[in-house]
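Whenever a hint applies, use it, and build me the whole structure from the sequences.
Take any residue in the sequence shown, note its place counting from 1, add 4, and you have its number in our numbering.
Rather than coming from a laboratory, the hints here were simulated on the basis of the structure.
Check each hint, because a few of them may be wrong.
Using 25 Å as the maximum straight-line C-alpha spacing, the simulated SDA-like pairs for lysine to any residue come out as follows [said to hold, decoys possible]: (1) Lys37 x Asp5; (2) Lys37 x Leu51; (3) Lys37 x Ile7; (4) Lys37 x Leu11; (5) Lys37 x Gln27; (6) Lys37 x Val52; (7) Lys37 x Arg6; (8) Lys37 x Cys23; (9) Lys37 x Cys50; (10) Lys37 x Phe14; (11) Lys37 x Ser15; (12) Lys37 x Cys20; (13) Lys37 x Phe48; (14) Lys37 x Leu49; (15) Lys37 x Pro17; (16) Lys37 x Cys10; (17) Lys37 x Met21; (18) Lys37 x Leu47; (19) Lys37 x Asp12.
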Amino acid sequence: DRIYRCLDCFSQPLFCMQCCQQQHYMLPFHWIKQWTGTFFEHLFLCLVCIS
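Right under this line is the structure:
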């Protein structure tokens with residue numbers, strides 16, 4: 005499973021995809037990044053399948 009990090013959540017926790025979706029369902033303007041294996045890359049929440 006991919007690893008996500010939110011730059012706006014307190015302490016910038018790491019999330020799996022399902023947890024990221026659940027935590028950010030009502031927070032569409034948070035900045036999400038996905039771990040690529042070497043660095044965190046910026047994503048739009050719609051790419052984390054939030055609808």
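Against the structure, the hints come out as follows:
For the hint linking Lys37 to Asp5, the alpha-carbon distance of about 14 Å falls within 25 Å, and the restraint holds. Note on Lys37 and Leu51: the hinted pairing holds, with a Cα-Cα distance of about 11 Å set against a maximum of 25 Å. A hinted pair counts as satisfied when its Cα atoms are at most 25 Å apart, and Lys37 with Ile7 qualifies at roughly 9 Å. Simply put, Lys37 and Leu11 have alpha-carbon atoms about 8 Å apart, close enough for the 25 Å limit, and the pair holds.
Restraint check: the Cα-Cα separation between Lys37 and Gln27 comes to about 14 Å, which is no more than 25 Å; the hinted pair holds. Restraint check: the Cα-Cα separation between Lys37 and Val52 comes to about 10 Å, which is no more than 25 Å; the hinted pair holds. With a C-alpha separation of about 11 Å, the suggested pair Lys37 and Arg6 falls inside the 25 Å cut-off, and the hint holds. Note on Lys37 and Cys23: the hinted pairing holds, with a Cα-Cα distance of about 14 Å set against a maximum of 25 Å.
Between the alpha carbons of Lys37 and Cys50 the distance comes to roughly 12 Å, so the proposed pair stays at or under 25 Å and holds. In summary, the hint linking Lys37 to Phe14 is supported, as the alpha carbons are separated by about 15 Å, within the 25 Å threshold. Taking the CA atoms of Lys37 and Ser15, the gap is about 14 Å. The hint holds against a cut of 25 Å. With a C-alpha separation of about 12 Å, the suggested pair Lys37 and Cys20 falls inside the 25 Å cut-off, and the hint holds.
Restraint check for Lys37 and Phe48: the C-alpha separation of about 8 Å stays at or below 25 Å, so the hint holds. Straight-line distance between C-alpha atoms of Lys37 and Leu49 comes to about 9 Å, which keeps the hinted pair within the 25 Å bound. Under the criterion of a C-alpha separation no larger than 25 Å, the hint pairing Lys37 with Pro17 is consistent with the structure, at around 11 Å. Between Lys37 and Cys10 the CA atoms are separated by roughly 6 Å; this keeps the pair inside 25 Å, and the hint holds.
Between Lys37 and Met21 the CA atoms are separated by roughly 11 Å; this keeps the pair inside 25 Å, and the hint holds. With a CA separation close to 5 Å, the supplied pair Lys37 and Leu47 stays within the 25 Å bound. Between Lys37 and Asp12 the CA atoms are separated by roughly 11 Å; this keeps the pair inside 25 Å, and the hint holds.
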